Amino acid sequence: MGEPYPIQEMDQEDNDGSMQLVGFVIDNELFGVDILMVQEIIREMPFTPIPNSPDFIEGVINLRGNIIPVIDLRRRLNTTSAGTPVENIWIIILNINNRVAGFIVDSVTKVLRVATENIKPPPDIVVSGLQSQYITGVCRIDERLLILLDFNRILLVDEIKKLRGLNDDTLINSQDDPN
Amino acid sequence: MVDLSLLQDFLAETVEYLEEMEESLLRMKADPGNRTILDDIFRSVHTIKGAAEYLGIERISELSRTIEDLLYHQLHRNDIKVSPEVIDLLSAGRERIRQLTENLAQTQEEQVEIDDLIESIRVVDTTSHISEEVDRMAAEKDKPEIAAVNSDQTANLEDDEDEETDEELFTIFLEQMEENLNALQSQITVLVNSDKDEQAAALDVCLTRIEPLRASANYMGYRQLTTFYENWKERIQEVKEEVLTDKRGVITPFIEECMESNLAALISRFPRLKISEPSTRPISDTSASAESEDHSASDDFPDILSGSPPDDGKTKDILDEYADPGTLDEASDALVSREKSAADAGLFEQLSWSFDSRIKQNAAKTSTENLTEIESELFSDSAPASVEPGATAPETLIAPVEISATHEDTYATEDEELTVAIKTESPITDDFEEENDAELFTIFKEQLKEELSLLQTQIEALKKADKSTRIELLNSCREKIDRLASSANYMGYVQLNAFYETWLTEISVAETRLKNQEEGFLPDFLKECMQAHISSILKIFPEITLSIPEPEVGDPACKMEDEISATSTDTAAEIETAEKPDRLNDKEAETGDRLETEQQLSITDLSMLPDFINETREHLEEMEENLLLLDANSGKRETLDDVFRSVHTIKGAAEYLGVERIAKLTHNLENLLYQLRQNKLNVSREITALIMEAWDRISLLTDDLEQNQSEQALIDDLLERILTVSGAEQTPQLTAEEALKRENTALLQGSDRRESNQNPRRQSDQSGEKTIKQSIRVDAGKIDALMNQVGELVVSRAGFAQLLNEMRGLQLDLKQRFKLDTREIRHLNSMTARLHEATTLFDKVTNELQEEVMKVRMLPISQLFNRYPRLVFDLVRDTGKQVQLDIHGADTELDKMVIEEISDPLIHIIRNAVDHGIETTSERLKKGKPETGTIKLEAYHEGNHVVIEITDDGRGLDIEQIKEKALAGKFVSRGELEQMSTQEITGLIMKPGFSTAATVTHISGRGVGMDVVKKNLEKLNGTIEIDTTPGIAMRIRIKIPLTLAIIPALRVKVGSGLFTIPLSTVEETLRVDPEQISTIEGAKVMSFRENTLPLVNMSDLFNLQEGSVDLEHSFVVVVSTGMKRMGLVVDDLLGQEEVVIKPLADYIQEKSGFSGATILGDGRISLILDVYELINLSIKRNLKK
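Heads up: the sequence lines are chains A and B, in that order. The first sequence maps to residues 45 to 223 in the working numbering. The second sequence maps to residues 87 to 1271 in the working numbering.
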């Protein structure tokens, strides 16, 4: 597993005051997700694209007989560098309220332990090009800013539908030529 | 609600339909002239309505019915365009239904109001279309005048969960009734004072007045009321004839016995419906005291009045008594003193606090004044009274009562408080209510109650509050009193209004003092002013409703009668009650009951409640089964006994726990059943229906108990009906007791009553004749999770097999490369062998496990079939039909998912069979068929499919009629029709909007049903066939795959993508012949068996750039959903295969044109096409172009 950042281990600190995060990196930006949501982390595997799906849905994968959608976080969050893929990507499989989905990330850190009190609410301004609505909080780890993402929001059905609607329209409008 | 599990299904479904509807609405906004969209919306609404009606979810069904009406009219308008106004309304309606669904999901109760919306929909509906429902029109006309009242009204009725129909209709109904009853009342007056011809004419008027009443009662579905009106009409008719044939003595007793008592019965019945609202705490004690007063007063009452109408002498006695001036004084003295003692002593103290002691004198003065006047009038009219004693005596006896009320009001010299206070003990009290109509008065009282209880709480708060909040609280008190004042003003209670004004001033003063930092006065102020005022009002009002006339009798000024014609309705009520002490007692008992229930909401032991609820549900379940049986075998003794036992057991437990209403209801039910058992009554459809209603109510109460530990559903209306049916002459208490004794004579001995109540339950538990099916309810999600785990197991099994292979390889390798002999690798050999053994066993177990888990998902179809007997029962109840439902093969198992999906279609089919198929009994007899129609519901396996057949021996389909309708509705052209086979023609009934019914009933007739059936079945990859022998029978055959999990499918290749098409939708595959392809309006079509087949290039549809444009090497897969057919152009056909459907994440799957995905042998994923959606998608695209 990639380990580009040294981790501040808070040895055996009481569970109450801290949470464990899995950190991951997209475009040199450090993100985190609650470890309890992480089902597994896999290497890249072949996607089957879904026609007419929103562009951030990379496709579906066959994970031991289960078909799981894979979402390109770069595109979903409209980060500044949307659409610049990295080789050797990882897929974090998350269980978000019993909906399992995979998210493409550049690399994954070790488990991080963060004191909950150190997690601050998201700043109103846009952090590294992503809208603050998708951020639950930020915290400092080793002079770096870790962004906690709100995956519930990211996977919000209504929002996805809306995006699909837009997508659908543009798609239809662009299709002037029959056949 | 019927069943929580059903509710869940319903909610999930409704949400789905609502989503569909939303989408359609959006499309409609863009394209208001498109009928298919309207059809889609109609379909969604219709399905929601059907399910909601079936489950008894009132508001949703009412709202959806209204929307459906609107849509129906829109569909049948010439102007194809749907106005934006209508679209807005539809959106609003959709949103409201969604809110209701949310309410249901959260609290199992519908909370959002719908009346405003329904009204606006109706307004739009009627303005845009001439409504064919005349009564609804009439209702609309009445509306504007009373709009203000109306809104109040509905607000009040809202709480009344009990209401049989929706509040809106009910209000209209009441208004109409009121109007007609008033008219009737005035006719009675005419009758009394007129000669023969006039009397006949008046009776005619009465008839014409009663007819609309009957019609509206019928419309509301109040069957008893309808019969009541019918009887009344008959009676009037008879009397009219008698009058015309010069029978003189007829008219007067008729007026008393029939007209007035009927009126009174109606009046007493309807106001009560609303008065029975659960009262708030502070009121309940006053009403309790009022109740006790009611008892005592009613004791006097018959003495005074009962004998009087026929007994001239007695009337005279009374008159004489009052003629004596001394007695008069005495009477007035007695009045005052009685007032003091009987009314809460506090009342007068409080009154005097607010108004000084003058009141007492005034009270005496007023009543004396009244009495004197009454006396003089009495004398002047006593002559005619004796001439026609039978007729006028009752009138004259009571009428003064109102007169004096009016007097008091018109004199208006005294404070209203005072007048009212006098009324509390004077006979006039009821009239206070009647001066305005009962309707308004009830509203007024409701508001009063509400505001007062709020005030009460605020006073409590005031006691504790600190300075700043005090002023706020006072302000809000003032607001409330202000509201009360305005409503009193509206009602025309001048003095009451003045009283409120005084109160307001007092509060203002208090406020100023508070602002001036004065503190000490507050407790006194609260106690003396606020509390006192509240309690004085409280005292006044309950008593007004409940107190009973005293012998303050005099003759009325007949001249004033017109002014008070409304009032005199009550007279009739009083006469009636006087004449029928039984009835009065009944009513009284009920009033008592009600009060009791309100007060004793405390249930003895909450810890035992869950057990009680469970047990009750069990018994209810048993009871329902038996009830249906009872209906079928028309009151077989054993079944009756079973029902009786269930009811009795529930009653016992309910009484033991102090669950008042259930106990009361079951008690009365028990009496009814007892009479059935004693053959004093016969088991009729009405009675079974009534018992079923009681059943519904008990389960409603049980739900209440579960959710908030208290009973909320009201039972009074039902109790009354049960009492009416079981007959008042029975002494219920005794019969029940008797029954009890007979049931368990042995058990009763030496045990107290409570034990005896519980014994039968034990008995029935032990003697469980039916073997209880051992089953547990499991969350479907858990089973799915189990499935997934088994899937994982299958994967690891493959891993083991791989391991074994590698081991063998190693073995071989060692042998060959290292030349080790068998002995040397003996160890390894034996290990391989053992591994092989273990793997084989593992294999076997895994396979079995997989199979078993698959089976868990399979459920017997009885789950579904069991719901239908009740459905049929309910459907038949309103029609003159007899229908028997035969169920076969209920233990046929199929996937739970499938069962859920076919529930709706089956309901539609059965509804159709009952409504359109089976003829009425008389019609059947004429045709020489057995009286009872039979609907056969049969399920069986056929290969990998389950077949469900619904056969009815009704009139079948009329092919000619279908042809006509099809032509009329422009579904097909005449030429097309001629070429169609019978099968194809019957298939037409599944077209959206196609209906053969001549009239639209609330059950069916709008042509949505079969369309829904077909659509749902297509989703399941099922097929439907219709066979019919016109006039004799009809059979619908549904064939559905055993499970949704595995389907045979065609695999195709488009570009680099692999797709799977369910074989059930594939008609055939063709190689493309470019010569056959032409372009029409930019869309490619292909001629296909003399038809044009629209072609869709899959690579275009799915935006696959690499898809070949080379048509010559492509294939066409002809897919169809029955109605629509389409050719999919694909690059290659890869073959046919059974595939396992895996769901896609919802946000990917929805409206994407894919119904799921499957995993191919090599681990790759292939998406499964949802042909239905795909066709829609391509149509949408073409529309957008």
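Derived by calculation from the structure, the hints in this document are not laboratory data. All values reported here derive from a predicted model rather than from experimental measurement. The reader is advised that the hints may include incorrect statements.
Derived list of chain B stretches under chain A, where covered just means 3 residues or more per stretch with a C-beta under 8 angstroms from a C-beta of chain A [as the list claims (entries may be wrong)]:
1) 178 to 188
2) 906 to 920
Just a sample of chain B residues kept apart from chain A, beta carbon distances all over 10 angstroms, derived [unchecked claim]:
3) P170
4) E558
5) G867
6) N874
7) V880
8) Y954
9) Q1065
10) S1164
11) R1175
12) H1199
13) V1204
Restraint ranges, calculated between C-beta atoms of paired labels, are given here [to be verified]:
14) A:E88 - B:E923: 55 to 61 angstroms
15) A:D71 - B:E1167: 45 to 51 angstroms
16) A:N196 - B:L1053: 52 to 58 angstroms
17) A:E88 - B:T1068: 33 to 39 angstroms
18) B:T965 - A:G109: 49 to 55 angstroms
19) B:E597 - A:N196: 30 to 36 angstroms
20) B:T122 - A:N110: 33 to 39 angstroms
21) A:D99 - B:M944: 51 to 57 angstroms
22) B:P170 - A:D99: 30 to 36 angstroms
23) B:R569 - A:L189: 54 to 60 angstroms
For glycine and all other residues, C-beta sits at the position ideal for the given N, C-alpha and C.
Here is what the structure says about each hint:
1. Counting residues of the region 178 to 188 of chain B whose beta carbon lies closer than 8 angstroms to any beta carbon of chain A gives 0, which falls short of the minimum of three for the stated coverage.
2. Coverage of the region 906 to 920 of chain B by chain A is violated. Counting CB-CB distances below 8 angstroms, 0 residues qualify, and the rule asks for three or more.
3. Listed as outside the interface, B:P170 is consistent with that label: its C-beta sits roughly 21 angstroms from the nearest C-beta of chain A, beyond the 10 angstroms cut-off.
4. With a least CB separation of 34 angstroms from chain A, B:E558 remains clear of the 10 angstroms interface cut-off, as annotated.
5. In this structure B:G867 is not separated from chain A by more than 10 angstroms, as the shortest Cβ-Cβ distance comes to only about 8 angstroms.
6. The Cβ of B:N874 does not lie farther than 10 angstroms from every Cβ of chain A; its closest approach is about 7 angstroms, which violates its non-interface assignment.
7. Some Cβ of chain A comes within 10 angstroms of the Cβ of B:V880; the nearest lies about 7 angstroms off, and the non-interface call is violated.
8. The Cβ of B:Y954 lies farther than 10 angstroms from every Cβ of chain A, with a closest approach of about 34 angstroms, so its non-interface assignment holds.
9. Its beta-carbon lying about 31 angstroms from the closest one in chain A, B:Q1065 satisfies the requirement of being farther than 10 angstroms from that chain.
10. Its beta-carbon lying about 12 angstroms from the closest one in chain A, B:S1164 satisfies the requirement of being farther than 10 angstroms from that chain.
11. The claim that B:R1175 lies off the interface holds: its Cβ sits roughly 22 angstroms from the closest Cβ of chain A, which is beyond the 10 angstroms cut-off.
12. With a cut of 10 angstroms on Cβ distances, B:H1199 stays outside the contact zone with chain A, its closest approach being about 16 angstroms.
13. No beta-carbon of chain A comes within 10 angstroms of the beta-carbon of B:V1204; the shortest separation is about 18 angstroms.
14. The hinted range of 55 to 61 angstroms is not satisfied by A:E88 and B:E923, whose Cβ atoms lie roughly 39 angstroms apart.
15. Between A:D71 and B:E1167, the C-beta spacing of about 48 angstroms keeps the proposed range 45 to 51 angstroms intact.
16. Taking the beta carbon of each, A:N196 and B:L1053 are about 56 angstroms apart, inside 52 to 58 angstroms as hinted.
17. Roughly 60 angstroms separates the CB atoms of A:E88 and B:T1068, a value that falls outside the hinted 33 to 39 angstroms.
18. Between B:T965 and A:G109 the beta carbons are some 53 angstroms apart, a value that agrees with the proposed interval 49 to 55 angstroms.
19. For B:E597 and A:N196, the hinted distance range of 30 to 36 angstroms is not satisfied, since their beta carbons lie about 51 angstroms from each other.
20. With their beta carbons about 37 angstroms apart, B:T122 and A:N110 fall inside the hinted range of 33 to 39 angstroms.
21. A beta carbon spacing of about 41 angstroms between A:D99 and B:M944 contradicts the range 51 to 57 angstroms that was offered as a hint.
22. The given range of 30 to 36 angstroms is respected by B:P170 and A:D99, whose C-beta atoms sit roughly 34 angstroms from each other.
23. One distance hint, 54 to 60 angstroms for the beta-carbon pair B:R569 and A:L189, holds here, with the actual separation near 58 angstroms.
Violation of the numbered hints given earlier is confined to hints 1, 2, 5, 6, 7, 14, 17, 19 and 21; the remaining hints are satisfied by the structure.
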